[in-house]
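Visitor: As a plain string of letters, each chain reads:
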Amino acid sequence: MNLTINGQAVQTDTPADMPLLWVLRDQLHLTGTKFGCGVAACGACTVHVDGQAVRSCVTPASLVVGKSVRTIESLGSAEQPHALQLAWIAEQVPQCGYCQSGMLMAAAALLARKPQPSDADIDAAMTNICRCGTYQRVRAAIHRAAGTTQTALQSSARQEVSA
Amino acid sequence: MKRRTWILSALGATGALVVGWGVMPPRSRLGKPDTMLPTQGDVALNGWIKIGQDGSVVLAMARSEMGQGVHTALAQLVAEELDVPLARVRLEQAGADAIYGNVAMLLGSLPFHPLESEGGAKPTTVAVGEWVVSKFARELGLIVTGGSSSVADGWEPLRMAAATARASLVGAAAAQWKVPAAEVTVTAGRVQHASGPSGHYGELAQAAAGSTPANVAPKNRKDWKLIGTAAPRSDLLAKVNGSAGFGLDVRLPEMVFAAVRMSPMLGGSVGALDSKAALALPGVQQVVALGAAHGSSAGFAVVGQTTWHARQGAQAVVAQWQQRPKGALDTQAIAAELQNQLDRESGFTFFTKGDIDATEKSASKTLEASYTAPYLAHATMEPMNCTAQVKDGAVEIWVPTQVPSSALAAAAKAAGVSPDKVTVHVTLLGGGFGRRLDVDFIAQAVTVAMASSGKPVQLSWSREEDMGHDFYRPMHAARLKAAVDAQGQVQSLRIKSAGDAISPRWMERAVPLLAGPVDMPDKTTAEGLFDLPYGFAHQHMAHVATSMGVPVGFWRSVGHSHNAFFSESFIDELAAATQKDPLEFRRSLLQAAPRYLAVLNLAASKAQWGSALPAGRARGIALHESFGSIVAEVAEVSLEGGVPRVHRVVCAIDCGTVVNPGIVAQQLEGAVVMGITAALWGKIDIADGVVQQSNFTNYPMLQLAQAPVVETHIIASERTPGGVGEPGLPPIAPAVSNALFALSGKRHRSLPLVA
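If you're matching them up, the sequences are chains A and B in order.
Plus 81 on top of the position in the first sequence (first one is 1) and you've got the numbering used here.
Plus 1 on top of the position in the second sequence (first one is 1) and you've got the numbering used here.
Isolated chain A, as found in the complex (with noise of 0.2 Å):
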């Protein structure tokens, strides 16, 4: 099978139904892709098809053949991270880190599509489970990358120490 994957193009050994998450992980070695449900339910397989978030787990290979296919390994590059990137790191996001690269796809996807999501953007898009609860910070890092502002109901005081 001939693919396009995060701009290169490469040949697989790859059956027409497999799930494009598995020739990412097991055949490409791109594990930054994660499989968390296998049902679509998680969208922690997110990548982009032609700038689409699409759930890998559940997209048969043979139907990206043609297309772009990006993952969370060409969001950004050492040199030059994605402004959701940075953003996360200075929101301090991630807990376990599991799910995140699936959080980041879909997060470029709606940004590329929607530069200045509102809150009701974001909830619409963002259906991906985080078992650490970092939601509240995904939104954060989302409108600090986007350089919005969350509503007045949503933006609060994270921490502080009391004397």
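Keep in mind the hints are simulated off the structure, nothing from the lab.
Among the clues, some could well be false.
What the hints assert, rightly or not - Cut-off 25 Å, straight-line C-alpha distance, at most; resulting in silico cross-link-like pairs (SDA-like, lysine to any residue):
hint	chain 1	residue 1	chain 2	residue 2
1	B	354	B	344
2	B	456	A	108
3	B	226	A	170
Stated by the list, open to error - Some but not every residue of chain B turned toward chain A, in silico, with C-beta under 8 Å:
hint	residue
4	156
5	238
6	431
7	671
8	702
9	708
What the hints assert, rightly or not - Here are some, though not all, of the chain A residues that point toward chain B, as calculated from beta-carbon distances under 7 Å:
hint	residue
10	131
11	176
12	213
In this text, a Cβ means the ideal position worked out from N, Cα and C, and glycines have one as well.
Given the coordinates of chain A, assemble chain B onto it according to the supplied hints.
Guide: Just chain B, lined up with the frame of chain A:
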């Protein structure tokens, strides 16, 4: 048997051992330089610290990073004492030496009432119990991450190891420069003397090696620069660019992948197995039988070219499963049996105070309520997995585990080799929450690797296997009763609970050395019920230990996770029954527990308790101590289409000395979200032996759009550090439920809240 009698007799069980061994001082945790892995160019100064040629510091890391930030927080302790920037500390997985064993976690399993240790001097029973267990834990050397204990455990040994290393290095500089050691300063890793000479640790390490400086003490807290600051986590760059290495990300030359299917009937076994269709599939290599081990159900693994090939193969195997010999498990039957046992049994008394029988007899009225909580799955985002290679009589495993000691023992046992033939690489954990304190999947991986001609095998579970073969938080039930006198004052609190104990079953599975009878008194059954801070004059708390057969395990905050729902909901009921404000009622009972009162007051004031809220919204409050920390939470809740929606949660915590307030906030935010998921929807049902929930589609998780804003307020404290990973969880279910009562007048006594 009374609690104290039991503790003393349990301690006495180590009898003869204690007599001779007890007079020796506790084993030092400083360690020798050769305890650390020898690495080119680095110089080890003790069992925890090596110095690199470039002056960087290598820390032996004996705790697993599962999101709780421990790799950052423990490195902070060391960077502080060595006066190096946090970024100069590199981590190296600690070996198997006993100095790395977790002492604090075992201390946390002692069933002492926390109020006994509130004052300056601890009572003799507490002091003796802790001394003996601490000494025993040091000998045992169990390397384990759990019980929110990592910082508490590392607090003394890590700071001492770093301070000792610093003293050696400063001593070497002083000798080299012929100046008094007291005049040598270290700033951001730069060692210097006012007369001119300077250098970095890498230039002094050889000369410092082997020295044993005396009278070393950790820094005075007024000199701290790093402890107490929200230092950025060191693991986040790798977690935003996909390079962080979880268990499932291990890739080795010639590696094959294995998928697992286990008996869907918990505790069941494999009857006939037809592998023909599976083996005929392209990319499928072999089918390996898996026996029941370390608490798992029996099943088989299918090995293939990729995880997908292996899973296709696993689905193609036609298996006849057999029910466990004792009959099919059923959660409805278990729920009924818990009530039967509560009717019948008096249970083991964990706490008693005053004269409860007389108080109840003379009461003008009594209030009674019955509470229940269901089984829960952990559902870590990264399903269970382990990569193993068995070659030339040696075993190597790469595994996301909370308990490397047990992982090593399980791998050795599965391979039939001695423990010194096993190497354990601990990867990052895609969530732990207690699930990775078990080692069932490790034995499976080694078993498959044994059959794979020396090739490395990555064995992983599908989400369905993971949810269907967990060690579940046990179902528990409790009955609570209060006596009110003629003046409307609550005089007594009686609690009786029932449910399976976790610790003895876990020991049997994961630490057989410690295993005892499965119905032995276990603190985890009663925590959150026997240890309440409220000053009722008469109290009695007992637990009926049951044996229902469902595999049960530690689930984030363990017994506290359901017991806080029972106790803090009932406290709210008592406030309502005596026409008191829930906050005022609690305050009136906390006069002898000033730290609890301060935490409660902080949460209430930051949440503006009592101020007006938008129509359709109400507040609920809960207060709970667990793992050495006190947390109060105020939840603001509404009903949207009949379903509770939590908008805002204000948390206050007293976790003793704070190492990293940023991580504390992260943990409270995370605990609140996990706790809301559990409170609203979390339940595992078992019918005909089969777990009915299988994936996030029928075991739903709170999502971003439903997540509340969580605020964290930390009490400044100079006490030794308490736990942080778990204590935020217990109060959220009662806070939400109490808010629902304030909103609608409906009292929930059963979890989940949304049936």
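Visitor: Can you name, in rising order, the numbers of the hints this structure does not satisfy?
Guide: 4 and 10
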